[in-house]
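Peer 1: Spelled out, the chains give:
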Amino acid sequence: MRWLRFLFQRDRLERDLDRELLYHLDRRSEELVRTGLSPDEARRQASLEFGGVTQTKEDVRSAWFARWLDDLIRDLAYACRVLRRSPGFTTVAAISLALGIGANTAIFSLIDAVLLRTMPVQEPERLVQVIKQLGNRGPGNFSYFLFEHFRDRVQSFEGLFAHQSIGRREIMLDREPEDAVVELVSGNYHSVLGLQPLAGRLLTGADRELPVAVISPILAAPLRVRSWRRRPQIPPQQYDLHYLWGYDPRIFRCHRWPSSGDHVPVRHGRRCSRWRIVARQTQLQFPVLDGASPAWRWYQAITGGGGRGVCARHGRGRGQT
Amino acid sequence: MEPSDRSPIPQGTLDMLILQIVSLGPLHGYGIAQRLQQISRDVVQVNQGSLYPALHRLEGRGWLKSGWRESETGREAKFYSLTRTGEKQLAVERASWDRLSTAIGLIFNEAK
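Protein chains in written order, with the working numbering: chain S, 1 to 321; chain P, 1 to 112.
One should not assume that every hint holds.
Claimed, not checked - Some chain S residues judged to face chain P by a derived CB distance under 7 Å, without partners named:
#, residue
1, Tyr-23
2, His-24
3, Arg-27
4, Phe-50
5, Gly-52
6, Asp-59
7, Val-60
8, Gly-100
9, Ser-191
Note that these hints are calculated values from the structure, not bench results. Each residue gets a CB set at the ideal place from its N, CA and C atoms; glycine is no exception.
Work the whole structure out from these sequences, hints included.
Peer 2: This is the structure we're talking about:
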């Protein structure tokens, strides 16, 4: 099992190699200084004689890898020989593994469905997606005007919001570029989902004239959010935004909407369903949205929070008529 | 370019030379490089960097073992020493080298 140990001791091996090579270069430099060279010249000469520290490290790593592979192959061959010699044991082991993996998969599927894929919104079971069916061509996009028409006239929902994923974009957050998954949403997005901010304010219906964007930080932002978590006493007005909202990355992640493939936030666990604001409006540059009016965009889907007693099927039926 | 009077080390013999030097007593990489140069009286040219992949390869094969301890300067260094399998391997390599060099000597002498 030496190959397994190698995997866990890689950092220590690298550190030891650095120390070992440094010792060599230092000793050679000291010796050259004693022959009359200046320390700088001695160091240069020692490096020259050594012949490339980076290359040497690469060669040593290759030696490690060869050894690792050799050990692994030897262990596998040994395991195969042992298993072939006792077919009864092999069969029992294989069946135990199959049952174990199967049971684990079943339990995880259940937990995934019940806990992990539950959306971090109020009453997620009452959310209904309205789909525009275009004959056999599948679901089509909604114009903003059609969305407004439904929002104002359809009685079956407590509210309707429009959303459209525009994919990964680089945005400037506090003058630093961030990779983010961006979604355009109508101004009532948060109110229909029933979400509360930890500080500042979320979108309201009054924001409907703004090109609103909901951004899920995916790469660098988690660090930022963590550092803010250590400072919980942020004055709310300092983080009052109009159109940048971030998710707590430990809890939210971008996820495919079950029926349409749109990006919506989904929580990892039940710990928190509140949203956290992650940047000041003044420090946000978002070139994608410059000059774009939401009224002229087409939305992939509109979603409604069903009123009490209105089931999903009922809501969808009434929306189409 | 002037031809160097130091020959590059014959391929495949570095491992054997390292085993031989370490068989005289535990030594760190720098010490092995120094000893190699002293013993070969500056005739054999060894790129010092190439010593380390060889040391790690020999350790991987179980012919050498290593440990950190204080060197002659008071600083900690990684010392290599020969294992029992390493001793056997050295004996095998030495015998094989003797056979080969005798055979080559015979061929040269006959050609005269």
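Peer 1: Decide, hint by hint, whether the structure agrees.
Peer 2: Here is what the structure says about each hint:
| no. | hint | result |
| --- | --- | --- |
| 1 | Tyr-23 | holds, 5 Å |
| 2 | His-24 | holds, 4 Å |
| 3 | Arg-27 | holds, 5 Å |
| 4 | Phe-50 | holds, 5 Å |
| 5 | Gly-52 | holds, 6 Å |
| 6 | Asp-59 | holds, 4 Å |
| 7 | Val-60 | holds, 5 Å |
| 8 | Gly-100 | violated, 35 Å |
| 9 | Ser-191 | violated, 64 Å |
Comparing the model with each numbered hint stated earlier shows that hints 8 and 9 do not hold.
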